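Under the working numbering, the letters of the sequence shown match residues 1 to 104, in that order.
Hints are computed from structural coordinates only; laboratory data are not their basis. There is no bait here: all hints are sound.
Pairwise CB distance ranges, derived in the manner of DEER restraints: (1) Pro92 to Ser13: 29 to 37 Å; (2) Gly64 to Ile39: 12 to 20 Å; (3) Gln61 to Ser13: 39 to 47 Å; (4) Asn91 to Ala29: 38 to 46 Å; (5) Thr50 to Ala29: 31 to 39 Å; (6) Phe67 to Asn91: 13 to 21 Å; (7) Lys3 to Pro60: 54 to 62 Å; (8) Ser72 to Thr34: 34 to 42 Å; (9) Thr66 to Leu5: 48 to 56 Å; (10) Thr75 to Ala28: 37 to 45 Å; (11) Thr37 to Ile63: 20 to 28 Å.
Given the structure is predicted, the values throughout are model-derived calculations rather than measurements. Even glycine gets a Cβ: it sits at the ideal position worked out from N, Cα and C.
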Amino acid sequence: MKKKLQFIMILASILTYTSSYAQLSYLAANSTNTAGTYIDLGTNGTVITTADFDDANSAPQAIGFTFNFGCSSFTQFVLNTNGFIKLGNTNPSIAALFYSTGDG
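Based on the provided sequences and hints, a complete structural model is requested.
Rendered as structure tokens:
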């Protein structure tokens, strides 16, 4: 039993190390800037508004085509100000998807 526990602890340590190492491999010095031109939405896009700038959801927006995902067909999505997009025409269960309090 002691050997099994020791094996599990060693395995967990290895798996934790490899997954945490992936977070350390990014170096800002290795990043590159890509030149581009700003394109104003103007007449080329749709401005999506929300009631607030934080923890808010938009009204359902039309995708413009039928999007098939997970054996379901979607024609609308709801945008959350935290960067979450939910397929369908219903809001996510909570607006604050990542933290429920400011000290998260």
